[in-house]
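Novice: Go ahead and model the full structure; you've got the sequences and the hints to work with.
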Amino acid sequence: MSEHKPNYTQADMMTVVMARLLRDRERVFHGVASPIPMVAVQLAKRRQAPNLVYLSITGAVDGLPEAFPRETTTDGRLLRNTASLFSLTEIFDLSARGQLDTAFLGGVQIDQYGNLNLSVIGDFHKPKVRLPGGAGSAALLPTTKRAILWRTKHDPKVFVEKLSFRTAVGNVDKVITPLGIFSKEDGRLKLWRVFPYSSVEEITSLTGFPIEKSPDFAVAKAPTPEELAILQEIDPNNVRAVEF
Amino acid sequence: MSRRNSVVIALEEAAAAIPDGAVIGIGGFVTTNKPMALLRQLMRERRKGLTVVAAPSGLEVDMMIALGMVDKLITPYVGAEAISPVGPFHSKWAGRTFRVEEVDLGTLVTCLRARFQGVPFLPVMGAVGTSLPELNPNLKWLDDPFGGPPVVVAAPVEIDVAIIHASQADRYGNVQHRGAVFVDNLIAQAANKVIVQVEKLVSNEEIRSAPTETTLPCEFVDAVVLAPYGAHPSASQNYYQLDEGLMKEYLRAGKSFLQGDTAPLEGFWKKYVDRPATHCDYLAAVGLDRLFGLGLEV
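Those sequence lines, one after another, are chains E and G. All letters in the first sequence, in the order written, are residues 1 to 244 by my numbering. All letters in the second sequence, in the order written, are residues 1 to 298 by my numbering.
In case anyone wonders, no lab produced these hints; they're calculated from the structure. There may be inaccurate statements among the hints.
Stated by the list, open to error - Straight-line distance between alpha carbons at most 27 Å, and here's what the computed DSS-like set of lysine-lysine pairs gives:
(1) K157(E) to K92(G)
(2) K271(G) to K200(G)
(3) K128(E) to K92(G)
(4) K162(E) to K92(G)
Keep in mind that this is a model prediction, so the values were computed, not measured.
Specialist: Structure (structure tokens):
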């Protein structure tokens, strides 16, 4: 743990590590309610991935919003400066035939295998709580080449031993939380990165399944001044923090 | 010379085409392009026993649940994104006042395509290993006749009436979305009758001047309703943004109701659904200052 208060927020950290995971030339998609991916994609395009093809839920291809909407990622502002429009159904086709490189997805509950629950807490037919629903996850998670999950809360209610319901199962690669990153290796989520302001002990105490370190475990590099400067430039309204 | 008929009708006439117990398809996407004017008319008339097939939904479906209008819900999502991750009544009353047919968007798209193509089923990529096939009666396992691994197949979903919000249309039902279509085209193609509400009526010449921008051609559209600001409080792409304040007003009233204080929600229905007799009365109840304040600047 650093003695000094870092000059960046958890939202900055999550956005920056998400952007670093993106590669040049890949096809990347994000769906509804996805503020951090929306900003991370633009950060990656400004740095290591200028040729990344960005597909948003609005159907924009390489849209470049003048500013990011705060409350929604389905808004027409995401269509600004788009090169073309695709039909949403084509995303499922693209993914089904194995040509979607990266999809960003989330889960209300996530288990140690990277399976997601977005459907119910409790019994399906008489749930304690009905959750929003799986949106596109059940079809995209098993068919995209890789999925990057994110969740802005890290606690044992999110990272659970057992899901109430399996909404989506599939090709999870990384799971980004406010404290670190899990990597799916040999079928299980292993702790791959811890953020500079957190610790393995903190993550262990806040995770509902046993923590095993990845062979590539390391402390993540804090956001650089360059990354923070671009973030400030592209997202001056701090939309990346709305989920916190 | 005989003259081509207009398909433009009044909101009340459009709503009359949707009886109790109908299967309705709702277009738009979460907090954008929801056909609220048509839905509010159905709310005003307290349509009952509806099966709702919807693209990812916002609070409109939650409102219909709160008013006891929904028997069965087939939608991949109900929520209001950063404003509220869940709808209060959808979250608490599922399995009690209405049934849920668990579905994800990829599967729903396949079910709609099966209907559109007129085939008995289509394979779904995905959903394998999830809880979906055992819960959704529209999904079955099938041996691949070509020798591959077993596949999940989806049956067609048939919609009686699709209701959609779009930017503009001509009097013959050629519709243009100035922005994303989402899955409106599929919902229209899977429906037996299609009603589209629009921000603006334009001339047939204007449509013909930009035919590639026509998103729903007249062959799919049975009726057009003029409803400026008709998506409010959801956003209408390239016209106005969502009304966060009004959504929060509903969410607060809904939460109070579930905690036993029914007055705020009763007040909400009175103010926004029951007292305004027409769509224009609704807009007046919301207020022009407020509506015009939902411009597109960020």
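Novice: Look at each hint and say if it fits the structure.
Specialist: We went through each hint and held it up to the structure:
Pair hint K157(E) plus K92(G) holds up; C-alpha atoms about 19 Å apart against a cutoff of 27 Å. Between K271(G) and K200(G) the CA atoms are separated by roughly 26 Å; this keeps the pair inside 27 Å, and the hint holds. For a cut-off of 27 Å, the pair hint linking K128(E) to K92(G) stands: about 7 Å separates their Cα positions. In summary, the hint linking K162(E) to K92(G) is supported, as the alpha carbons are separated by about 22 Å, within the 27 Å threshold.
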